[in-house]
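Build out the structure end to end from the sequences listed, making use of the hints.
Order-wise, the sequence lines are chains C, F and S. The first sequence finishes on residue 429 if you use this note's numbering, and the numbering steps up by one all the way, no holes. The second sequence finishes on residue 139 if you use this note's numbering, and the numbering steps up by one all the way, no holes. The third sequence finishes on residue 568 if you use this note's numbering, and the numbering steps up by one all the way, no holes.
No lab work stands behind these hints, which were simulated from the structure alone. This structure is a prediction, so every number in the text was calculated from the model and none was measured. A hint or two may mislead.
[Claimed, not checked] Chain S is faced by these chain C residues, among others (derived, beta-carbon under 10 Å):
(1) D121
(2) C122
(3) E163
(4) S253
(5) Y297
(6) D303
(7) R318
(8) A339
(9) Q377
(10) G378
(11) K405
(12) E408
(13) V415
Don't be surprised by glycine CBs; every beta carbon is placed ideally from N, CA and C.
Residue-level listing of the chains:
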Amino acid sequence: MGEWGGWSTTFEGGGVKLKQALIIGAGIAGISAALGLADRGVFVNLVDAEGTIGGRAKELSCKGVDECVRCDVCLAIDKLYEVGASERIRVFPNSTIRSISGEPGNFRVTLERNPGYVSEDCTACGACAEACPVPGGAIGPPGMGIPLTYAIDPNACLWMRGEDCRSCEEACPHGAIDLARGKSTKRLQVGVLVVATGFQPFDPSLEPRYSHDLIPGVITSLEAERMLNLDGRLLLPDGSPPGRVAFIQCVGSRDSWKGVEYCSKVCCKYSMAIALNLRALDPDADITFFYMDWRPYDLRGGDIGEWASRDPRLSIVRSRPAEVLASDSGKPVVRYVGAEEEIAEDEFDMVILSIGMGPPEGIGDMAEMLGLEMTPQGFLWTSVERPAMTSRPGVFASGCCTGPKDIEESAMEGVAAAGEAASFLEGSR
Amino acid sequence: MGPRIVGFCCSYCGYASADLAGRQGRTYSPGVMIVRLPCSGRIDVLHILQAFRKGADAVFVVGCLEDNCNFVNGNFEAKKRVQEVKDILDALGLGAGRVEMFNVASNQGWRFPRIVEEMTARVEKLGPNPLGVIADDNR
Amino acid sequence: MTLPPGSEPVTMSSSSRPARTRRPVVRGEREPTGRIGVFLCRCGGSVDGRLDIESVREKVSSMDGVEECMVMDFPCSMESRETIVNVIRENDLDRFVVAGCSPKAVEARFKSTAQESGLNPYMVEIANIREQCSLVHNLSEATSKAGLLVEAAVAKCSLLVPAPHHRGRVESEEVLVYGNGMSAVVATDELVSEGAKVHLVLPFSPHRLVFNYHDGIRPGHLEDMRDRITDSDLVRVHGHSSVERFEGEPGAFTALVRSSEGAEEIRCGAAIIAWEASEVPSPSLNGSLVVTQAELESIMDQGRVPDRTVMITLREEDTYCPERITHIEALRNAIRMKEMDPRVQVTIVARDVLAFGLSELDYREAMSRGVSFIRTEASPLITVGDTVKVRVKDLNLGEELSIETDLVVMSSWTQPYDTGHVAQVFGTPVDREGFFIPTQVKLKPTASIVEGVFLCGTGVESKTPSEVVLEARSAASRAKAMVSSKMEWGGAVAEVDPESCSACLTCIRSCPFNAPFIGETGKAEIEIGLCQGCGICVGLCPSRAIQLYCYTDGQLGAQIGALVGRVR
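Here it is, written out as structure tokens:
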């Protein structure tokens, strides 16, 4: 148990299948695949471009107050600590794939380790943060996820901006910070690959009519989640709680003008959870949903119409707003076509844009490098009959990189990838 | 050290939330002592009363969000135990506010310091434990 | 009762079932302390450097029972582990405390270290002086608090008792699949592909199964899979049978399978309930003018398509209850009708069109092919004569319309049948409508509340065929992984003291996992393989007859006393 490189099985084609896996992407799908493979005795190399593993779920928040609203975020976070406890999973943070060659059963991979500047020798002692001259600090704990190495905020750091400040490097007692460190490479040989690179959230600046970058009270659902995750409350930039909140659904989904025609599946579910959280914390807040169709993906959240019928401070408007303008006092005003075909304008304190999920960055290059087919929507193609199986044997894909889905389905697909990959290595299929 | 407060935390959510608070660099009063339980449902009226007998100024119990208990209904049982202790404290004249049940999620690092803040504020209102230290046994 | 230092840890022989072997019983009295070792971790500067570890070491070294107290760099590392093993052996220690980072990160490692030293793995206590101390407080506060935390850990550790535990291969690597439709076939196919042996128990189900369209799955694929599994040597099919009894623990279940030929007992390591729901016929159906989507498909299969069709996707009830697959189904059929004959009129009546994900593209295609949509709130009124009239309030027009049409297609709602019985046999709860309730915790998709029993199929929730496939294959992968790996039983489990037990059945009624039972002696006993270690029963027992290893009242009391009990 626990050997590092020995195991392999003979392959009918005459080659040898190495009982090692490479998983690209350490979000919930990648982690589920990693744990599933580790359970089956396979050695896993788990690679992620970020400095800590856990993927997007780290940015998301628990949305329950006293009662769980089943958003699954805490469960995704809990899973990532299991990776640290496993002795068959080796994590490569700050790394990307430079090249892959070879064949199913015996892939040769070159990883490129980006200069995270802070190495694994970091013990989170905090000496660097104390030494940092930038007000507010340009280096700090990642908070969630593992490993616990401190990370430099590239926007705040003076060195990254070209100035000659090496205070953190000098302060570090373990030599974990090396600002001059360049990229390094690592070679691996594995039997199977699993792609789990996640999704790219819709960029709200591509919908300028919703004024995301112009009006302070307009935020995306992801920004709302980050705010809740940090401090448990949704607050306006001036620190006050919003009395009137609007949700605009389908931003960056169901929109042929933006080239995204599909439905992102999860937005109705998660914005309802955010709204429930808001309602539990502030029974007097006025909440309005602007939507086209209400699509609660797992139906556990209940029906929005039913909620509206018993909550006088919840309104639902079946209309896709034309734009969000600023009032004289700088508040966001939503302009839409009302039920009587009139043009209506409603003022709010905060407008939350429920943004959709797009294919992850670099998916085209990844597909080309691995020789994988893609779907017309730009995601990785996988078989419906054999989930997680791609167009190439020995290469599997799971999570949002194969299409928008929620945390539970991502985990399921990760488990399916593990089953497929393990049985591919064992030759039992 | 500040008021002496005992926090009984379930291994899944409560304890993880306290761990996360530490990782995120948050701070709270050092008088808080955490006792780990497998589930908040393990809490017994006995343990909370013991803490008060030994001189704790306040006690809180942290379990998972309702409907998210790792053991289904441990947190509901814990809530009942805490209510029983509240009734006892009221009858003794110590103040029911000294004990409380909280439900948190494991990824809510911000919540743990808030709980400590709230319990510290309650101690300020109610005053330190008038019993001092009663017993020195370990039963 | 403590075992002499260096003796074998308590384990079960592999041939006997764990619950039946004698173990030491934990009581509430203070146990004599053994020889304790304390290892303080510097944690590379996140502990040492944020508090004065040396003064903690000094304080703890002078405690009663502490034979050895040392500061180490990273006791969790491989090199340090050897040092610890040696220290334990050289000093005859029978338990130890590690003070450093959170037990949630390192517990498993130190359990192994204990075992390597010949100790019971549950004779270890871990004090968190990092995430809950050094990272949170300033130097002097953290130092005094760390002293208290380690003292409390030592006090608790001195009362630890070896816990019963066992780790070994499962008793049966076979998997039971119990179900009546597509998910059972897919789950079995996945198990066979992964090399597992399967008992496929097919209940006789008179109700129609719900799968009328293919959702990207090739026609005939399901039938091919079915043939493949019936021919496979790895599968034993029990046709027209039902599971009458199911007991045991993960890795060692026994099921009583009854068919018309009699009853048979089978062993399995895991089980998958792969249950489908059936269509609930709408009261308006009349077989010719008002039909289901499935009947519409049969009509189309015969090459016919009506001139005018109205599809109704609302339930005939006052409250709005959406079904997940209703619109996905309707859109597919509407597109097919237009493909067969672009001139036909197709109207879909809906409140919200639940075209999740890529089905949205079907929605667009339907619209572009001229399918009309009427948005309404309440279920329309249907009058059947020579043709059918549908009265519906169109929300967009604000008027009530009366539409004459040749065919009305009613979407079906689904309901699983016979799940109440299955729920009782397996211990997996169902909701009011009969759908199985999956467990939410620890993100175990497809898991039920009973460890080792997995759930899949539309009997859990209505889903499309592609979703059924994903879920069934995922459940099968997990079941296979479970029977292929080592199982661990025991540890911080509950135990009843038969002398104090009054057989009041409180524990049996309150345990969510069915672990307690009344044994041959007439007193309650806890099945170790099922006990999850929550301790709910401990607090509820009116006779105080139950204790939980590693969290006994005595141990917790010692911890509380050390943390708080100081004269002001």
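A quick look at each hint next to the structure:
no.: 1; hint: D121; in the structure: holds (8 Å)
no.: 2; hint: C122; in the structure: holds (8 Å)
no.: 3; hint: E163; in the structure: violated (27 Å)
no.: 4; hint: S253; in the structure: holds (8 Å)
no.: 5; hint: Y297; in the structure: holds (6 Å)
no.: 6; hint: D303; in the structure: holds (6 Å)
no.: 7; hint: R318; in the structure: holds (8 Å)
no.: 8; hint: A339; in the structure: holds (8 Å)
no.: 9; hint: Q377; in the structure: holds (7 Å)
no.: 10; hint: G378; in the structure: violated (12 Å)
no.: 11; hint: K405; in the structure: holds (8 Å)
no.: 12; hint: E408; in the structure: holds (5 Å)
no.: 13; hint: V415; in the structure: holds (5 Å)
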